[in-house]
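First to last, the protein sequences are chains B and W.
Mapped onto numbering that gives the first Met the number 0, the consecutive letters of the first sequence carry residue numbers 0 to 335.
Mapped onto numbering that gives the first Met the number 0, the consecutive letters of the second sequence carry residue numbers 0 to 150.
To be clear, the hints were calculated from the coordinates, so they are not data collected in a lab.
Backbone N, C-alpha and C fix where the C-beta goes; we use that ideal spot for every residue, glycine too.
Careful, some of the hints might be misleading.
[Said to hold, decoys possible] Among the chain W residues that face chain B by a calculated CB cut under 8 Å, a handful are: (1) V23; (2) R34; (3) P54.
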Amino acid sequence: MGELARNNKEIQDAISRMGGLKLLVQLLDTEKNPDADVQAHVAHAMMEITCGNPANQKAVVQMGGVLHLSSLMKLSQSGPVKAEVAGALWSLSEATDIKVAIADASTIGPLVMLLGMGHAFSSKRAAAALGSLGRDNEANQIQVTQMLIELLSTGSEAAQQRAAQALWSLVKENPSAHDAIARAGDPAALVELLIKGIPDAQDYALWSLSLSISPACQAVVAQSGGVAKLIDKLADLRVEIQQQAADALSKLALNNEETRAAITKQGGVLPLINLIRPDRRPPSPEVVLENAAKALADLAIDPGARDKIVSAGGIPPLVVLLQERRVPLDGDLSVP
Amino acid sequence: MCPDGLNHQLSAARALAAQEHGSVAKRFAATALARLSTDHEATQLAIAEAGAIAPLVLLLDGSEGTEAQTESAGALHALASNEHNRLAITECDGIGLITNVLACDNERARKLAEGALVRLSIEHANRALIIKKLVEMLQNPDALLGQEQAC
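Chain B on its own, in the form it takes in the complex (with noise of 0.2 Å):
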């Protein structure tokens, strides 16, 4: 059946006038048919009949059908049944309320721990399962950011490699979500990540902190380890590292005496004044200027921080700065 409906609304909405996905709902009570095989069958055509299909969609959820899927997914020892699952629950999940309802039936967290698990086709079906519940609701989003941050902290290596996979596309899926997505993580366990992690790990930690940190979170960054991996990530070739960092330590220093104490005591004045030099090859686009100068900036309140810019040759290219008339140059940020 699953076969006959896929990429076909016709044969869809037949199968429910006739009545079969009631039926195909029973057979996913795990105590009306305990059969993994059969789950998997059933659940694998669940996805493909309500697949861009809305009206089968709800016909499924008020079916409970949410309800089952939700207790196979946490329950079964089945790779494929959970597998399949992910399957119908990610073709479900496209209306906000269904959305909600998979969420509220528990299912993110084994849907993460699926991803996590090690076969390629099951990770996949959960990636795009939670990619799906994540698009466009904010409540989901946190949810899963913060169980894939912690498959980045505890999983194997592909696990965390998956997570930050994962954690990548629902950054790009929602653009107007940025700041909800980046504020989810705990800014310790980010730290964590950006010391310890994979370079993904490291990269999305990264991301996160710079447009996260805020004063509730100043300290907590910088009593983790987070200045000294900052200011070593000014260095990176990459020019989006540089620019999330010189962000990330301005976020950082902002009327916070003590971090700004730290920054400069740990190093941070050079680097920074070498991302706005004149002479530097390749010079640095716009964005990295503006974000470095806003840090040298914030330091800048401070005398000891003072001392230390005017010391290291920082007001040169100030200036040059001043003089200039740049162009924010599209494409800058383009990862090499």
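Fit chain W to the given chain B structure using the hints.
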């Protein structure tokens, strides 16, 4: 790794912001120079020797945004505590542009401009010019209105 699509979104947003608000880098450079030169004569001189006064004066016209205008007023206010710098600001035609800032809507910019003029007036040679510019402002309310709108 941060995806290309995200990079383009960020870049487009930055370009739009720059069009609306002028050069952010210039604004922060002015802020940094203002803070570096506050109550520190040697740094005030070093900043002037590096050629900061002329571009700071140019930012006063608001063409790079009101924030850059405000920060440049702040930097010139800080630099004007030094005699050599007071003369340099006058030589760069700074008095007229600082006076114009008194007519803008931004209270902080007005206060910084006022403070800068007070410091510039320490030099006897500047006083006549400052008075002339202030009187011109009073005599020409249309120009005043135009400056308010520009700010």
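Evaluation of the provided hints:
1. V23: 4 Å, holds
2. R34: With Cβ-Cβ at 4 Å, under 8 Å, it holds.
3. P54: 4 Å, holds
Comparing the model with each numbered hint stated earlier shows that all of them hold.
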